[in-house]
Amino acid sequence: MRHLLSAADLDKDQAIKLLDLAEDMSDVNDREIKKLPTLRGKTVVNLFFEDSTRTRISFELAAKRLSADVINFAAKGSSVSKGESLKDTAQTLEAMGADVIVLRHSSSGSAHRLAHTDWVGSAIVNAGDGSHEHPTQALLDAMTIRQGAIKHPRGKDLTGIKVLIVGDLSHSRVARSNLILLTTLGAEVHVCGPATLAPASLVSSGRVHFLLDDAIKLVNPDVVMMLRVQQERMSDSFFPTEREYARIWGLNKSRLARIGENTQILHPGPMNRGLEIDAASADSKNSMVLNQVRNGVAVRMAVLLTLLSGEAS
Amino acid sequence: MTGNYLLQGVTITTGEVRDVVIESGLIVDKASTGTSHEVMDCSGLVVLPGFVDLHTHLREPGFEQSETVASGSRSAAAGGYTAIHAMANTFPVADTAGVVEQVARLGEDAGLVFVQPIGAVTVGLKGEQLAELGAMAQSKARVRIFSDDGNCVHDPALMRRALEYVKAFDGVVAQHAQEPRLTVNAQMNEGALATKLGLGGWPKVAEEAIIARDLMLTELTGSRLHVCHVSTAGSVELIRQAKARGINVSAEVTPHHLLLTEDLASGYDPVYKVNPPLRSTADVEALREGLIDGTIDVIATDHAPHPKESKDTDWASAAFGMVGLETAYSVAQQVLIDSGKSNFERLGAVMSSNAAAISGLAQQGKYLSAGSAANLTLVDPKDSWDPKPQTLSMSENNPFTGLKMQGRVRHTIYNGQFSYRDLSIMQRAGS
Ligand SMILES: [Zn+2]
Ligand SMILES: [Zn+2]
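Protein chains in written order, with numbering that gives the first Met the number 0: chain A, 0 to 312; chain B, 0 to 430.
I should point out that these hints are in silico values taken from the structure, not numbers from a laboratory.
The reader is advised that the hints may include incorrect statements.
Said to hold, decoys possible - For lysine-lysine, the following DSS-like pairs were computed, each having C-alpha atoms within a straight-line distance of at most 27 Å:
1) B/K195 with A/K16
2) A/K16 with A/K150
3) A/K86 with B/K242
What the hints assert, rightly or not - Computed spacing ranges between beta-carbons, pair by pair:
4) B/K307 with A/T52: 31 to 41 Å
5) B/L219 with A/T52: 53 to 63 Å
6) B/M215 with A/T195: 20 to 30 Å
7) B/Q405 with A/D87: 34 to 44 Å
8) A/K33 with B/E63: 52 to 62 Å
9) B/E63 with A/I70: 32 to 42 Å
10) B/K166 with A/D213: 51 to 61 Å
11) A/F209 with B/E131: 45 to 55 Å
12) B/Q64 with A/Q229: 34 to 44 Å
13) A/D213 with B/Q64: 51 to 61 Å
14) A/I32 with B/L402: 54 to 64 Å
Claimed, not checked - Far from chain B by the CB rule (all over 12 Å, computed), these chain A residues:
15) E187
16) L217
17) K252
For each residue, glycine too, the CB sits at the ideal point set by N, CA and C.
Could you build all of it, start to finish, from the sequences and the hints given here?
In C-alpha cells, the structure reads:
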C-alpha cells in the first residue's frame with residue numbers, strides 16, 4: 000500500500016490485516032507506556048485545509064505514539080487560491096522532509112490528485128476530501144463494529160452484520176467510505192435519508208429507505224450509524240426544518256426502544272444533539288461514540304505503520 | 000501579394016479528382032493562359048471549404064496570458080480554419096461597438112484567419128440589461144451573433160426581448176443553455192460516477208429545460224436561435240422536434256462532446272473539466288447521430304484556453320474548458336468519414352458552410368464556386384498522428400493528448416494565401 004486515498008484501495012484481506020494491526024495498536028494504547036519506537040526519524044505532516052480538530056488530533060496522537068515527528072499545518076483561510084496552495088504547500092512541506100502527508104481538503108479528489116501528480120513523492124493519507132471519502136473513518140467504524148459484534152474479532156470479517164447508515168448520503172464522505180469498506184468486509188449495508196439527499200444511483204441499488212421508522216422495521220439493524228447534519232443543507236432546501244428532520248430521521252428515545260438491545264449506535268462526531276440524535280440515544284449503553292474515538296487512534300497508527308514500514312503491502 | 004496556384008489532382012467533396020485553380024486570390028474554373036501558376040501536387044489530399052468556427056475563446060482583451068487574438072489565429076490556421084468567431088467573455092466584455100471593433104482589428108493585424116467578433120447579449124454578461132446590440136451590429140465588426148456564453152441568459156423575459164430585438168439586424172442569439180439554479184456547484188455530469196467521485200452533479204435537465212424554453216420563445220417571437228455546445232441526447236431530440244415544426248433553430252456540438260465521455264473525470268485531472276461537462280456514451284452516440292442526420296448544424300470548438308496554473312490544481316479549483324482548434328478536423332473525420340456513416344460533403348457543411356450561413360459571412364463557406372475568395376482547407380485523411388499538449392495556442396489544456404488521431408490538416412488557404420502550409424504556420428504576407 001503506497002497511499003490510502005479511498006476505502007476502495009483495500010481488498011478484504013488488506014482491510015482485515017489493517018484492522019488486526021489496529022487491534023495490536025489498541026493494546027499498545029492500553030499499556031502504561033503508550034509508545035512504540037517504530038517510526039522514529041519519520042515525519043508525518045497533517046495538512047489541513049479544513050478545520051477538524053478531532054481528526055487532526057487523532058492523527059497527531061497516532062504518529063506520536065509511533066515516535067514519528069509531527070508537523071501540523073492548517074492552511075485554512077489562506078489568501079492564495081485553494082488550488083495553488085495545495086500544490087505549493089504540499090511541495091513546501093515535502094521539501095522539509097515529510098514522509099507522509101495526511102490531507103484534509105474541501106475539494107473532492109484532492110488526495111487522489113496529490114498522489115497522482117508529480118507534485119510530491121510522499122505517501123498520502125486521505126483524511127477527508129470534500130464530499131468524496133474519509134477512509135480512516137470507515138476503518139475505525141469497521142473496527143468498532145467488529146469489536147462490538149464479534150467476541151474474538153482478530154482475523155474476522157463482518158459477514159452477516161446489518162448496518163443502517165442514516166442521514167445525508169449525497170454529501171457525506173463518511174457514508175461513502177463506509178458503504179465501500181463495510182461491503183468489502185461482507186456486511187449488509189442499508190442507507191436511509193431524505194430523498195433529496197439520496198443520489199439516484201444509490202437508490203437504484205435497492206438498499207435505500209426514505210423513512211427511518213420503515214428502515215428500522217425492515218432492516219432490523221445490528222448497527223445504526225447516524226451521520227452529522229450540515230446546517231447548509233437546510234438552507235438549500237434539502238429538507239424544510241431541523242424539527243422535521245429530527246422527527247423523521249433523528250434517533251430518539253422511541254426509536255431507541257425499537258432497535259435491538261445490542262444494536263450499536265455510531266456517530267462520526269461532532270454530534271448535533273437534538274437533531275440527528277437525542278441525548279438519550281447519544282448517552283445510552285448502545286452508543287459506541289467513545290469507542291470510535293479510541294479506535295480512531297489505533298486505526299491511524301496501523302495506517303501510518305503500514306504506509307511507512309511497507310508492512311501488509 | 001496574392002499568388003496563383005494550381006492544386007493538381009486534389010479530391011473534392013464529391014469524391015471526384017480534379018485540379019483547382021486560384022488566381023489573384025479567387026477561385027477560377029480554368030487556368031488562364033498566359034498566367035503563371037505555382038503547381039502543387041495534391042494527390043491524396045481532400046480539399047474542403049475553409050473551416051469556420053462559431054465558438055472560439057480568444058481571451059483578448061484581458062486574459063492575454065491564456066491566448067491572444069494572434070496566437071488563437073495561428074492555432075486556428077493550423078486547424079484548417081479560415082474564419083473564427085471570438086466569444087464575448089473578455090475583459091472588458093465585448094458588449095460595445097468599441098470592443099468588438101478592437102477584436103476585429105486585432106484579427107486583421109494577425110492576418111491569418113477572419114476574426115468575427117460575437118457580441119454580448121447583456122451588459123457585462125450579467126444577464127440584467129440588454130447590451131447595445133444595434134451598435135455592435137452596425138459597427139465595422141458587423142456582429143450578427145450575440146451570446147453571453149459562459150453564462151446563460153436565464154431570465155426568460157430578457158431572453159424573449161433579446162430574440163425579438165435581434166430580428167432587426169438579422170441577428171441570432173447563441174445560448175449557453177445552463178439553468179443556473181440547477182447547476183450550483185456543478186462539477187461534472189450528474190450520475191453514478193459523480194456520486195462515486197463526490198463531485199457536484201450537472202444534471203442534463205439543466206441544459207434541456209433552457210433549450211425547451213428557448214425553442215418556445217423562438218417560436219413565439221419568430222426569431223432565430225442558435226444553441227451552443229449541445230451535450231445531451233435529450234437536447235438533440237428537442238432540437239430535432241423543433242426543426243420538424245419549422246422553428247428557426249441551429250445547433251452546434253463540440254469535438255470533445257463528440258469523442259470524450261465522463262469516465263475521464265475518474266482521475267480528477269482537470270484537463271477533462273469542461274462546461275457543459277463530458278457526458279455518457281449514450282449522449283455521445285446521440286450527438287453523432289444528430290450531427291449526421293442534420294439536427295446539429297455545425298461542429299464548433301468552444302476552444303477555451305487556460306494557463307497552466309488554472310488546471311494544475313485540484314478539480315474544484317480548476318477552470319472549465321479545453322483547447323480544440325487543431326484537433327477538430329480529426330474528430331470530424333472520425334465521426335463522419337471513418338465511421339462510414341456520412342461523407343465529405345456533410346463534413347464541409349458542418350465544419351464550414353453551415354457556420355458561415357448562420358453568421359452571414361459572405362466570403363466563407365463558398366468552396367469552389369468560381370469568382371469567390373479562395374478560402375480552402377486541404378486535408379490528408381490518411382495521416383495518423385498523436386496530438387501533443389503543446390499546440391500553437393498559448394495554452395496546453397488539451398484533452399486530446401495521448402489519443403491516436405487519423406486525418407490531419409495539411410494546408411490552409413485564407414483569402415487566396417497560404418496561412419498554413421505543409422504543417423507549418425505562414426507569416427502574414429508583407430509582415
Ligand atoms: Zn458555453
Ligand atoms: Zn464557450
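Quick rundown of the hints versus the structure:
Annotation: proposed proximity of B/K195 to A/K16 holds, straight-line Cα distance about 25 Å (limit 27 Å). Using a Cα cut-off of 27 Å, the hinted pair A/K16 and A/K150 holds, with the two alpha carbons roughly 17 Å apart. A distance of roughly 49 Å separates the Cα atoms of A/K86 and B/K242; the hinted pair therefore is violated under the 27 Å criterion. Look at B/K307 against A/T52: about 35 Å separates their beta carbons, and that is inside 31 to 41 Å.
Range check, B/L219 to A/T52: Cβ separation about 58 Å, and the 53 to 63 Å hint holds. Between B/M215 and A/T195 the beta carbons are some 29 Å apart, a value that agrees with the proposed interval 20 to 30 Å. As the Cβ distance of B/Q405 to A/D87 is approximately 40 Å, the hint placing it in 34 to 44 Å holds. The hint said 52 to 62 Å for the Cβ distance between A/K33 and B/E63, and at roughly 59 Å that hint holds.
Checked against the hint of 32 to 42 Å, the C-beta distance between B/E63 and A/I70 comes to roughly 40 Å, which is consistent with it. For the pair B/K166 and A/D213, the beta carbons lie near 57 Å from each other, so the given range of 51 to 61 Å is met. Range check, A/F209 to B/E131: Cβ separation about 52 Å, and the 45 to 55 Å hint holds. Between B/Q64 and A/Q229 the CB atoms are about 37 Å apart, so this pair conforms to the stated range of 34 to 44 Å.
Roughly 56 Å separates the CB atoms of A/D213 and B/Q64, a value that falls within the hinted 51 to 61 Å. Separated by about 59 Å at the C-beta atoms, A/I32 and B/L402 satisfy the suggested range of 54 to 64 Å. Every C-beta of chain B lies more than 12 Å from that of A/E187, the closest at about 20 Å, which supports listing it as non-interface. With a minimum CB-CB distance of about 23 Å to chain B, A/L217 clears the 12 Å threshold, and the non-interface call stands.
Annotated as non-interface, A/K252 keeps its C-beta farther than 12 Å from every C-beta of chain B; the closest such distance is 33 Å.
Going down the numbered hints, you'll see the structure goes against just number 3.
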